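For reference, the chains in residue letters:
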Amino acid sequence: MQIVVTGAVNALVLSSMYILVALGFALLLSIAGILNFAHGAIYMVGGYICYQFAVGFGLNLWLSLLVSVLIVGLLGLLLEKFCFRAFFGDMVNSIIMSVALIIILETTVNVTVGVYIRSIPQFASGIIRSGAISISAERIVTLIIGGILLLLFTLFIKKAKIGLEMLAISQDPVGAVLQGINIHSICALAFFMGCGLAAVAGCLMGAVFGLSPFMGDFILVKAIQLVILGGIGSTFGILVAGLIIGSIDATLPLFVTGAVTDVVGFGVIVVLLLLRPQGLFGRREP
Amino acid sequence: MKKNLVTVLLGVCAVLSLVALPFLAGRVLAAPAEPAPKTVDIGMLAALTGWGSAAEVPISQGAVVAQEYLNQKGGIKIKGVQYNIRLHIEDTKGTADGAVAAATKLVYSDKVKFVVGTVVPNVMEGAQTVTEPAKVLFVTAYNSGVPSQYSPKTPYTFVGQAATIEGTAICMKYLREAYPKAKKLAFIFPDDGSIPYLGPVLKRRAGEVGLTVVGDPVKWPDTTIDFTAIVARVLASQPDAIAMVNGWPQALGSMLKAAREQGFTGPMFAPHNAAPEVAQSAGLAASNDYFTTSITPNDPAMTPMIKQLAPRLQAKYGNISYYHFWGFQVVDVCRQGMEAAQSLDPTAVKAALEKIETLPTLYGTARMGGLETYGIKHTVCNPLPIQDLQKGISKHVKWVTFVSP
Chain X
1 MQIVVTGAVN ALVLSSMYIL VALGFALLLS IAGILNFAHG AIYMVGGYIC
51 YQFAVGFGLN LWLSLLVSVL IVGLLGLLLE KFCFRAFFGD MVNSIIMSVA
101 LIIILETTVN VTVGVYIRSI PQFASGIIRS GAISISAERI VTLIIGGILL
151 LLFTLFIKKA KIGLEMLAIS QDPVGAVLQG INIHSICALA FFMGCGLAAV
201 AGCLMGAVFG LSPFMGDFIL VKAIQLVILG GIGSTFGILV AGLIIGSIDA
251 TLPLFVTGAV TDVVGFGVIV VLLLLRPQGL FGRREP
Chain D
1 MKKNLVTVLL GVCAVLSLVA LPFLAGRVLA APAEPAPKTV DIGMLAALTG
51 WGSAAEVPIS QGAVVAQEYL NQKGGIKIKG VQYNIRLHIE DTKGTADGAV
101 AAATKLVYSD KVKFVVGTVV PNVMEGAQTV TEPAKVLFVT AYNSGVPSQY
151 SPKTPYTFVG QAATIEGTAI CMKYLREAYP KAKKLAFIFP DDGSIPYLGP
201 VLKRRAGEVG LTVVGDPVKW PDTTIDFTAI VARVLASQPD AIAMVNGWPQ
251 ALGSMLKAAR EQGFTGPMFA PHNAAPEVAQ SAGLAASNDY FTTSITPNDP
301 AMTPMIKQLA PRLQAKYGNI SYYHFWGFQV VDVCRQGMEA AQSLDPTAVK
351 AALEKIETLP TLYGTARMGG LETYGIKHTV CNPLPIQDLQ KGISKHVKWV
401 TFVSP
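Keeping their order, the protein sequence lines are chains X and D. Taking this note's numbering, the leading residue of the first sequence gets 1, the next gets one more, and so forth. Taking this note's numbering, the leading residue of the second sequence gets 1, the next gets one more, and so forth.
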């Protein structure tokens with residue numbers, strides 16, 4: 001019973017974190033046409049900034065998380081203006097730019113603080129026990145925060161004016177401009193939000209699993225998996241894909257060696273793409 | 001007028017000569033300058049960037065301190081001639097191809113005959129593709145037990161200190177003393193190809209101290225972030241204790257945390273990982289009943305050598321890491337081999353190290369071992385200090401020795 005409950009909670013925690021990062025990644029892809037491979041590095045930077053404020057400067061942990069989100073969000077604005085704006089819609093050059101950013105960010109963190117073991121303090125301590133079952137309070141809190149953010153994001157996209165403008169740009173940028181939507185402002189906001197979401201995930205995962213200069217590589221792969229599996233442009237698709245991939249990652253190692261988990265995850269994507277190239281809920285190109 | 005000019009010129013020359021005379025006399029009468037000591041070049045391979053740098057940067061720093069310390073103590077004396085150590089540090093970037101490039105530069109460009117360093121298995125193997133054919137003596141800081149890294153097929157490779165098998169055996173000995181009720185032991189290994197070799201050997205070592213190994217060894221890939229499911233698999237075999245054989249402090253701390261979150265309260269150990277670093281990763285709540293083999297620098301039970309080195313390291317680098325001592329150890333073993341051989345020829349040094357039975361190290365007196373275990377007697381089996389972690393606080397417990405047969 002312990003294994004079942006642990007697996008289920010873990011699946012939800014991993015899924016929520018993967019989805020948070022993937023949504024930010026997908027936002028930039030669908031609105032700015034940018035494949036931002038540096039998204040994983042930004043997630044990592046968010047974690048380290050939170051650590052620095054919480055442990056280095058002694059700030060309250062929750063405040064540190066907020067500060068990290070704001071700083072990384074501002075970093076996103078700078079990246080949009082100075083690194084990516086020139087390459088909107090240009091996939092190749094934006095990839096080159098994002099790869100350069102990965103190397104710069106990872107190496108900078110690695111040579112400055114990467115040699116030290118770092119872990120963000122727990123956002124909630126203690127173990128919740130019920131009979132033979134025990135669950136970490138930290139993971140429950142991570143799950144709740146992830147769930148709330150996902151809900152807010154979904155509501156924002158579907159109900160808020162700016163969210164609808166983002167949807168419009170993702171569907172037809174030219175049409176959106178003709179409707180008077182300021183594409184640069186919306187893209188900047190998308191970068192802010194996308195990077196902010198990555199920072200939240202980086203802080204939460206940094207508390208649960210610890211920090212490493214290369215922690216972003218793993219999460220980037222997951223984000224790409226989710227976007228491809230769910231379908232580019234589909235928020236609901238990313239949610240479903242996140243649950244699938246998160247569940248595989250959380251439960252398969254219970255039965256097979258960990259390396260097989262990655263194979264299965266990619267195998268699912270390959271089979272799906274062969275049957276349904278647009279992903280689970282993506283729009284098929286005419 | 002001409003006569004006056006000549007007189008003036010002669011006078012000036014006389015004055016200049018008088019002024020210069022003392023200086024010229026000093027040069028003639030001064031003792032001849034001491035010839036500068038000769039140098040022996042030792043290459044150092046370390047991941048200064050990339051994966052593994054958290055451990056290998058301190059290893060390289062320890063090697064630098066070894067260079068300074070040993071040179072201050074008179075360097076290496078070979079047939080009455082003093083040789084100072086000159087270290088050449090190259091970055092392997094934590095990858096096998098990085099190690100090949102770094103080793104190639106050391107061996108073929110810097111012309112070193114001795115190389116020390118690196119602990120990452122595949123990185124070590126990459127370096128050995130260069131050092132072994134070139135008959136360059138390679139003293140590594142660690143060995144994960146895979147024959148391709150260390151066996152009769154790598155005759156120029158020495159392991160500079162007690163490594164995986166020795167460290168795990170020492171921990172198992174301590175487990176029986178400190179936790180006599182813990183009789184069933186489960187193993188977790190990284191998925192680095194070592195299980196087929198380490199598994200049977202460690203099972204034998206466990207049996208020798210009265211432990212029963214339960215369940216199959218559970219392995220985890222290097223890319224693992226979440227150890228919850230992996231630890232759940234281990235716990236399914238209902239062990240009394242868990243041995244985490246190899247892994248970086250980050251991963252070990254995550255495993256410790258995952259085990260405690262799932263209700264496991266038994267002892268857990270991992271050789272060669274400083275308890276404070278594991279605690280940093282695991283968090284205070286999980287940092288109980290964990291022990292390892294690691295140096296506690298300020299403990300009175302540390303050896304005189306450790307007590308000498310600790311303040312040097314603190315002053316130079318602002319902190320003391322267990323890995324600093326690894327870097328010192330490998331350079332010192334290299335030096336001792338050269339002095340035993342009274343030669344700078346790697347083949348002669350290799351032969352001399354193979355004849356040595358005991359050698360003094362910063363950990364205390366070590367014995368050479370490993371002939372039966374690895375097929376080659378090239379392991380420096382030094383005593384190791386047990387470091388215990390309770391409620392987030394680590395402390396030294398005792399020194400334990402194990403010599404691989």
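Please keep in mind that the hints were generated in silico from the structure rather than gathered at the bench. Keep in mind that this is a model prediction, so the values were computed, not measured. It is possible that some hints are incorrect.
Covered, in the sense of this in silico footprint (three residues per stretch, anywhere, with C-beta under 8 Å from a C-beta of chain D), are these stretches of chain X [as the list claims (entries may be wrong)]:
1) 41–54
2) 68–78
3) 134–147
Facing chain X, according to a computed beta carbon distance under 7 Å, are these residues of chain D, among others [said to hold, decoys possible]:
4) Ile225
5) Gln262
6) Gly263
7) Ser281
8) Thr347
9) Ala348
Using N, Cα and C, we set each Cβ at its ideal position, and we do this for glycine too.
Cross-check of the supplied hints:
A count of 0 residues in the region 41–54 of chain X with a Cβ less than 8 Å from any Cβ of chain D is obtained; the coverage claim is therefore unmet, three being the minimum. Given a C-beta distance limit of less than 8 Å, the hint that chain D covers the region 68–78 of chain X is violated, as 0 residues qualify and 3 are needed. Only residues whose beta carbon comes within less than 8 Å of a beta carbon in chain D count, and the region 134–147 of chain X has 4; three or more means the coverage holds. A distance limit of 7 Å between C-beta atoms decides the matter here; for isoleucine 225 of chain D the minimum to chain X is near 5 Å, and the interface restraint holds.
For glutamine 262 of chain D, the interface hint holds, since its Cβ comes within 7 Å of a Cβ in chain X; the closest pair sits about 6 Å apart. Interface hint at glycine 263 of chain D: satisfied, since its Cβ lies 4 Å from the closest Cβ of chain X, which is below the 7 Å cut-off. The closest approach between the C-beta of serine 281 of chain D and any C-beta of chain X is roughly 5 Å, which is under the 7 Å cut-off, so the hint is satisfied. With its C-beta approaching chain X no nearer than about 36 Å, threonine 347 of chain D sits outside the 7 Å limit, and its interface hint is violated.
For the restraint placing alanine 348 of chain D at the interface with chain X, the shortest Cβ-Cβ distance is roughly 37 Å, beyond the 7 Å limit, so the hint is violated.
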